[in-house]
Amino acid sequence: MNTDKNLMYKWKNWSDINWKVVEYQVFKLQKRIYKASQRGHVKLVHRLQRLLTHSYYGKLWATRKITQDNQGKKTAGVDGIKELKPKQRLELANSLKLGNKVKPTRRVWIPKPGKEEKRPLGIPTMYDRALQGLVKLALEPEWEARFEPNSYGFRPGRSTHDAIEAIFNSIKFKPKFVLEADIAQCFDKINHAVLLDKLKTYPTMRNQLRAWLKSGILEQGKIFKTNEGTPQGGVISPLLANIALHGMEKTIKAYARRLKGDKAKNERAISLIRYADDFVILHENLEVILQCQKIISKWLNKLGLQLKPSKTKISHTLNEYDGKPGFDFLGFTIRQFSAGNDHSGKRHGLPLGFKTIIQPSQEKVKAHVKKCNQVIRKHKNSPQIALINQLNPIIKGWSNYYASVCSKETFNSLDAINYLQLKRWADRRHPKKNKHWVTDKYWHSEGNRNWVFSVKTQSAKGDSLIKLKTHLETPIVRHIKVQHNRSPFDGDMIYWASRLGKHPEMNTRQAILLKKQKGKCNYCGFYFKDGDLLEVDHIIPTSQGGKDSFINLQLLHRHCHDSKTRTDGSLNNSP
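The numbers in the sequence shown follow this note's numbering, run straight up by one, and end at 1466.
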């Protein structure tokens, strides 16, 4: 990669930057770091990481991720800077350099969903966020080659659905005991010395990471020292937490190999599946589970961490043990039910004696009902169309998340509850009208459906309906678990683009366009990657007579969409 200083002035304006070139150069280095880490070539890894952190391409990429693509891009640190203009983004990219002096993070408290307690967030300055993004570009491929296969949280290309599918694969042939565990204050209590020793990086990188860990926190005008932990809210914090917790699965597998019997079979029989600081351990023997709890507690103590007693318990997937059978994990309820056998002693295509069912957890269902009800109550005096526009993304997003498991009955129940809430909302608005009048005003027919909560609109094409989405509209599509040896840095972009098209949280329109475009952005020509922010764009704007149909739609990166909207709409003006 060319790191000549003259290159830093190759693009005079932010809008002139060719992001296809930038991404290609950054990804090429990341792939080399990943391959070198796979081979255990430490010196080459460090040399390539130095090259990436000094690269202007890397600095541009990190700056754009922080100032344009990041959802929290307008959150200010202690410097008070919320956003940057294009010229300031170039200046920021030019100034990025690893060192050992950082400004304190600003602490804010946000409520935990459905709870009275709050979670602390540490917000670094804009400069430190961009620099953390640059360091993450260099560190992530090294550790992606080393992370354990059943670690899923805060990793590119992996999701909660992969963790749930891993649990299903572990128990689908045999009921097992489960240790459900949560690490108490994981981000706030990690031992700095142990974490830095585990990183084993070169001195400049170590000094920079140590400076961030020791930067201190500004709260209510006072600065507090940070002698432990990695503040939530930093760009690099999730990666550092994953590095700190790396080795849990290896420790459990090592214990399994010491058990009596075949070592390989014993190792396969036990599973540790982790998503960030939540994890489960599964095994058919209760004594093994109890011993694993002791081993993990001792292992965590070395990091300055401990299990949270209120969220750590043992259950069984099929039978009752210390409560109801089954367990909740990541918003899902995983449970097995007894099932009768036929005369041959077997059930066709299914394991003997039980069936594994994964559904949305009751806690999450209740929270969703409450949220919808709050929106309906808040809009008791609003037009019907305003209520529909507020509810639709909530319903669609929740349904997409649970569309990969056995959710049809839950979806049906939620639609029934929504109908009752909306019926009460409509009746309250018109206390002097009879029920038939209210029904005819707010519910209409569409095809075979006679109870569509919708608004009739008129246009040149005729009458149309703006309708409320239902949960049942979302089809149940089984999630395909990511292959354990795959990584976005392995270079197989076709695999990752096709996975993105099948992602359970992607809406149908985006999935169709992704398949149509064969996984590529029509603006920059690059493959989409997991984690990219996508925008559906009209090729011919509707203001110029373009139609809202697939023939006039394309899928773009968010930053490509921003660039296109600044031009006259022609794809020939790509950067």
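Wrong hints could be hidden among the right ones.
Lysine-lysine pairs mimicking BS3-like chemistry, simulated, CA-CA at most 30 Å apart [what the hints assert, rightly or not]:
| id | residue 1 | residue 2 |
| --- | --- | --- |
| 1 | K1347 | K1332 |
| 2 | K1080 | K919 |
| 3 | K1420 | K976 |
| 4 | K1065 | K992 |
| 5 | K1360 | K1347 |
| 6 | K1116 | K1006 |
| 7 | K1003 | K1202 |
| 8 | K1199 | K1141 |
Estimated spans, in silico, between C-beta atoms of each pair [what the hints assert, rightly or not]:
| id | residue 1 | residue 2 | range |
| --- | --- | --- | --- |
| 9 | K1438 | K1009 | 26 to 32 Å |
| 10 | I1285 | W1342 | 16 to 22 Å |
| 11 | S1304 | G990 | 22 to 28 Å |
| 12 | H1327 | H1429 | 38 to 44 Å |
| 13 | K901 | H1429 | 38 to 44 Å |
| 14 | H1137 | K1009 | 47 to 53 Å |
| 15 | K901 | R1369 | 35 to 41 Å |
| 16 | D1153 | N1098 | 44 to 50 Å |
Derived from the structure by calculation, the hints contain no laboratory data.
The C-beta atom is built at its ideal place from N, Cα and C for all residues, glycine as well.
In rising order, the numbers of the hints this structure does not comply with: When the structure is compared with the hints, numbers 2, 4, 9, 11, 13, 14 and 15 turn out to be violated.
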